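Residue numbers (this note's numbering), protein chains in the order written: chain A, 1 to 154; chain B, 1 to 154; chain C, 1 to 154.
Hints listed in this document are in silico derivations from the structure and should not be mistaken for laboratory results. Incorrect hints may have been included.
Since copy identity is lost for identical chains, a pair holds within one copy or between any two.
DSBU-like, lysine-lysine: derived pairs with alpha carbons at most 35 Å apart [said to hold, decoys possible]:
(1) Lys135 <-> Lys95
(2) Lys135 <-> Lys100
(3) Lys135 <-> Lys96
If you're wondering where the values come from, they're calculated on a predicted model, not measured in any experiment.
Chain by chain, the residues:
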Amino acid sequence: MNPRILSSGIAADVQFGDEVTVVQPVNLYGCRIGHHSFIGPFTEIQRDSSIGDYCRIQSHTFICELVEIGDHCFVGHGVMFVNDLFSEGHPAHSKKELWKPTRVGHHVSIGSNATILPVAICDHCVIGAGAVVTKDITEPGVYAGNPARLIRPL
Amino acid sequence: MNPRILSSGIAADVQFGDEVTVVQPVNLYGCRIGHHSFIGPFTEIQRDSSIGDYCRIQSHTFICELVEIGDHCFVGHGVMFVNDLFSEGHPAHSKKELWKPTRVGHHVSIGSNATILPVAICDHCVIGAGAVVTKDITEPGVYAGNPARLIRPL
Amino acid sequence: MNPRILSSGIAADVQFGDEVTVVQPVNLYGCRIGHHSFIGPFTEIQRDSSIGDYCRIQSHTFICELVEIGDHCFVGHGVMFVNDLFSEGHPAHSKKELWKPTRVGHHVSIGSNATILPVAICDHCVIGAGAVVTKDITEPGVYAGNPARLIRPL
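Chain A extracted, bound-state conformation (with noise of 0.2 Å):
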């Protein structure tokens, strides 16, 4: 039996801002990039989400429905975030009401590795490297370990 092959891209409706650079292979659909935004290899970004001016996604990142990440914010190589919980003790599936936004403020970065539930960054926080981020980060700060724990406020 042959499978149905489907191949990654970049579809026609991305809204890309000005002087944005994109290194391909990616799998890019029905998202939002802002001005002067940097996509890296081995992307995909969900419809549905939104990355703010200035950004850069690394290569490896994976970013789904539900993020909306905001201005000058770094996302390191292989970041992935999460908007399920398998609440039910599985996948949500098509019942996208279960589903969870993310919304990362301005000015963050997010170290290599990183996984990142459905929760609100705000401003001014650095994710450290290989960091599991389960609660809301309220207060700019370096966060790290599994799950994220405050280091050092900023």
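We have chain A; now place chains B and C onto it with these hints.
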């Protein structure tokens, strides 16, 4: 000196069930993909591994040799399976008798950026995003952390 | 607005030793790859980094600038190296004097999904899958966890 260049893709020896969808680019070879399953982009699935029916293998995930996944499973983004514990202090290389299998049951959901060492995971489990599963899981429940521990039964 | 589209690939300035194998797609530029080494798909290796002889760099791995890896090393899948500790509360951007190097010795094996901050790792070490290495490692052994700690000497 010029390197030898190989190309990723879908090898002729992959066995697909009915109604499978694959999003390129992928690197699939010698594996079995069950009916109605979905394989996201930037994935690699190695030989002698098997994915059940109605599964989703999301982007950026790596499934190694000797992994068997049941039906109705969800494997999130950036999930890495492992078959070599470096038990002699280094990779087993060609001593494949040192490699260990992983068996994932049915209705198992694995969160993004999780790492799955060679273990058995029973039916109806949720593995949290960013978890590192180092031991067999024999009781349905939600497991998270590094190393993964039971958070609550299901 | 149309973005500027760049393409991943193997830049002309990569220095390859004899008998190297590369599986496309990759993004390699300005780096040195030693004799008999293997580079898996969906990898990025940046400029001013160096891989020794008889190494395997597995799929989905990112090796940043200023990383030097010795001979006979195994770097698993989805491993992320880091050179910028955001020491001023944000990325160093063009202030490269803030970037820090990583030196990995010979016969080092790094498990999948590990995160390696800018450190020195001595010869004959095993880094567990999913580990986050935050400090220099000066004693041969097996290290795991977040942050990585000595599990047993080798």
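Against the structure, the hints come out as follows:
no., hint, verdict
1, Lys135 <-> Lys95, "both (23 Å within a copy, 32 Å between copies)"
2, Lys135 <-> Lys100, "both (13 Å within a copy, 30 Å between copies)"
3, Lys135 <-> Lys96, "both (21 Å within a copy, 32 Å between copies)"
Hint check: no violations occur; every hint is consistent with the structure.
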